[in-house]
Every structure is written in structure tokens, then in C-alpha cells.
Amino acid sequence: MFDLEKAVLGWREGQERQASLAPCELDELEDHLRARFDLELELDTALAPATAFAIARRELGETATLSREFAKAGRPRWRRWLFAGWGMYAASWFLPVHEVFVSTYGYELLRELTGDLPDAVMFLVMNLAMVMTVPVLRRGRPSRRRWLGRWVGAVGVGAVGLAVVAMVWGSIETGGVGWLFPPPFLVGFWTWTASFLCVARALRLRAKEWRSANAGEALAS
Numbered sequence: 000m001f002d003l004e005k006a007v008l009g010w011r012e013g014q015e016r017q018a019s020l021a022p023c024e025l026d027e028l029e030d031h032l033r034a035r036f037d038l039e040l041e042l043d044t045a046l047a048p049a050t051a052f053a054i055a056r057r058e059l060g061e062t063a064t065l066s067r068e069f070a071k072a073g074r075p076r077w078r079r080w081l082f083a084g085w086g087m088y089a090a091s092w093f094l095p096v097h098e099v100f101v102s103t104y105g106y107e108l109l110r111e112l113t114g115d116l117p118d119a120v121m122f123l124v125m126n127l128a129m130v131m132t133v134p135v136l137r138r139g140r141p142s143r144r145r146w147l148g149r150w151v152g153a154v155g156v157g158a159v160g161l162a163v164v165a166m167v168w169g170s171i172e173t174g175g176v177g178w179l180f181p182p183p184f185l186v187g188f189w190t191w192t193a194s195f196l197c198v199a200r201a202l203r204l205r206a207k208e209w210r211s212a213n214a215g216e217a218l219a220s
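Note that numbering that gives the first Met the number 0 has the sequence shown beginning at 0, numbered continuously upward.
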């Protein structure tokens, strides 16, 4: 027996995997899908529910078409995430980073770390991930692989994890929470970290949009 809720859920999960659409946009499309399904059954009472749903789904459009239409409507969410991430990344170099260091600003910390080879290499690897997203910032073609987005995201998540571990360990070493007040990691550090998470989100959405467009071209050909 045809289960409408199960069919709609399957359609929605497919859209979430393939299209760069926001939840509110999917809600809007789902309403259209349900309305079209009801209309097909009203127009032809002898029509099987499964067939009515297939027609409604086809009339609603393919994933690639839906992504392009929402993009034309001014909703390329990946660009907002990308520019927000890069804005925070640039600002983080001029904000206080760490209370422990004598030089607390990002650009001063960079100068200090370049004097120690292991720290310099690690710092370079982390920031190189962000630098490699410049072609996307300039609307260039993104990589078809997911390694860059995962690399950028790993830097952000890893930095948060290391900061939490460092704060917990510092509290244990000092025998209390006094080590956290004032907090050792300042606004510059958290802004820098958030920038990687925003850009990773942007790359994920951009990759979805690119795959959707390629799928549409393949179907058209």
C-alpha cells in the first residue's frame, strides 16, 4: 500500500543530499508537492496514489532545476557563509588571541610561531586550508572532491577541541577553575575558529550546488 508520508520523507531526504536548499525552502517545496498530489487525485479519482505522487514529483522538478531556480531568486546560501567566514578570518588577525602570550594579537602570534619550526609547520598547514578556498571566494570552480571542505572543517573542529582540552587540563593542573577566569582563549581565537567552520559549511553547500548542476546537464544531454 502506498504510504504518502514515507514517500515524502524519501523525496525530502534525497533533496537534502543532492540540493543546496535550506530547510525552509524544502518546507515550501514539500507543501507544493503535497498540494500537487492532492490535486492529481481530485482531477482523476481513478488514479493510483503512487502514480499521482510520481506525477506531482515530476511536475515539481528535478533537483538540479530546483537548486538553480532558488539560486536565481537570490538564495545562494553558500556565498553568505563563505564571505562571512572570510570576513571573520581576516578580522581575527587583528583581535586578541591568547591571554598567556605577551603578544596577544593574531598577527603578533603569527610572527612568534614562525620562529619555532614544528609550530610554524602546524600553523602553516592549518591556515593553508583557508588559503586554498580563495578560488571559490572568487567564484571559481570548486573541487569535485570533498577533501578541502573536510580539511577546513577539521581545522575548525580540531581547534575547538584542543582549546577545550587545554582549558580543562589547565583547570586540573591549577586545582580549580581559576585558570579559566579570565579565559585564556580570547575573541580572536574563537573568531578564527568560527571562520573555518563557516567556510567548511560554504564548501559543502557549494559542492551540492555543483553536483546538482552537473546532474541537470547530464540529464539534458
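Any given hint could be a false lead.
[Claimed, not checked] Computed spacing ranges between beta-carbons, pair by pair: (1) Leu8 <-> Pro117: 46 to 56 Å; (2) Arg79 <-> Val124: 20 to 30 Å; (3) Val167 <-> Thr50: 53 to 63 Å.
These are calculated hints, taken from the structure and not from any lab test. Note that CB positions come from ideal geometry on N, CA and C, so glycine has one too.
Here is what the structure says about each hint:
1. In this structure the hint that Leu8 and Pro117 lie 46 to 56 Å apart at CB holds, the actual value being about 50 Å.
2. With their beta carbons about 27 Å apart, Arg79 and Val124 fall inside the hinted range of 20 to 30 Å.
3. Between Val167 and Thr50 the beta carbons are some 59 Å apart, a value that agrees with the proposed interval 53 to 63 Å.
Comparing the model with each earlier hint shows no violations; every hint is respected.
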